[in-house]
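Peer 1: Work out the full structure: start from the sequences and follow the hints.
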Amino acid sequence: MKHKWDNIVIKCRYLKKLNLENKVLLNKKIYLNQRFLELFDFHKNEVIYDSHGELTK
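For what it's worth, our numbering labels the leading residue of the sequence shown as 1, then goes sequentially.
These are calculated hints, taken from the structure and not from any lab test. One should not assume that every hint holds.
Subject to a maximum C-alpha distance of 35 Å in a straight line, what follows is the list of computed DSBU-like cross-link-like pairs (lysine-lysine) [what the hints assert, rightly or not]:
1. Lys16 x Lys28
2. Lys4 x Lys23
3. Lys16 x Lys4
4. Lys16 x Lys2
5. Lys29 x Lys11
6. Lys4 x Lys17
7. Lys29 x Lys16
8. Lys11 x Lys28
9. Lys17 x Lys29
10. Lys11 x Lys23
11. Lys17 x Lys28
12. Lys2 x Lys17
13. Lys23 x Lys2
Derived Cβ-Cβ restraints for the label pairs, each shown as a range [stated by the list, open to error]:
14. Ser51 x Leu25: 37 to 47 Å
15. Tyr31 x Trp5: 37 to 47 Å
16. Ile8 x Gln34: 32 to 42 Å
17. His52 x Lys17: 50 to 60 Å
Where a beta carbon is used, it is the ideal one built from N, C-alpha and C, also for glycine.
Peer 2: See the structure below:
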């Protein structure tokens, strides 16, 4: 029985470590995407629909 619990604890620690690494990678990716978009002005333009359903800026 103790052996099973040891395996569960080991797997939980491993998953926690992977989760933390994934969070770090995701934050870096979001930061890089934001920095990339800030290089261009086109993302600052608002795109809306007019009364006829046409896209306007």
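Peer 1: For every hint, state whether the structure bears it out.
Peer 2: Hints, verified against the model:
1. Of the supplied pair hints, the one linking Lys16 and Lys28 holds, its CA atoms being roughly 19 Å apart against a limit of 35 Å.
2. For the given pair, Lys4 sits about 29 Å from Lys23 by alpha-carbon distance, which is consistent with the 35 Å threshold.
3. The suggested pairing of Lys16 with Lys4 holds, with an alpha-carbon distance near 18 Å, which does not exceed 35 Å.
4. Restraint check: the Cα-Cα separation between Lys16 and Lys2 comes to about 21 Å, which is no more than 35 Å; the hinted pair holds.
5. For the given pair, Lys29 sits about 27 Å from Lys11 by alpha-carbon distance, which is consistent with the 35 Å threshold.
6. For the suggested pair Lys4 and Lys17, the alpha carbons sit about 20 Å apart, so the restraint of at most 35 Å is met.
7. With a CA separation close to 20 Å, the supplied pair Lys29 and Lys16 stays within the 35 Å bound.
8. Annotation: proposed proximity of Lys11 to Lys28 holds, straight-line Cα distance about 26 Å (limit 35 Å).
9. A distance of roughly 19 Å separates the Cα atoms of Lys17 and Lys29; the hinted pair therefore holds under the 35 Å criterion.
10. Our distance criterion of 35 Å between C-alpha atoms is met by Lys11 and Lys23, whose separation comes to about 18 Å.
11. Distance restraint check for Lys17 and Lys28: the Cα-Cα separation of roughly 17 Å lies within the 35 Å cut-off, and the hinted pair is therefore satisfied.
12. Between Lys2 and Lys17 the alpha-carbon distance is near 23 Å, which keeps this suggested pair within the 35 Å criterion.
13. Under the criterion of a C-alpha separation no larger than 35 Å, the hint pairing Lys23 with Lys2 is consistent with the structure, at around 32 Å.
14. In this structure, Ser51 and Leu25 meet the distance hint of 37 to 47 Å, their C-beta atoms being roughly 44 Å apart.
15. The supplied range of 37 to 47 Å is met by Tyr31 and Trp5, whose beta-carbon atoms lie about 39 Å from each other.
16. Evaluation of the 32 to 42 Å hint for Ile8 and Gln34 yields a pass: the beta carbon distance comes to about 39 Å.
17. Hint check: His52 to Lys17, Cβ distance near 55 Å, so the stated range 50 to 60 Å holds.
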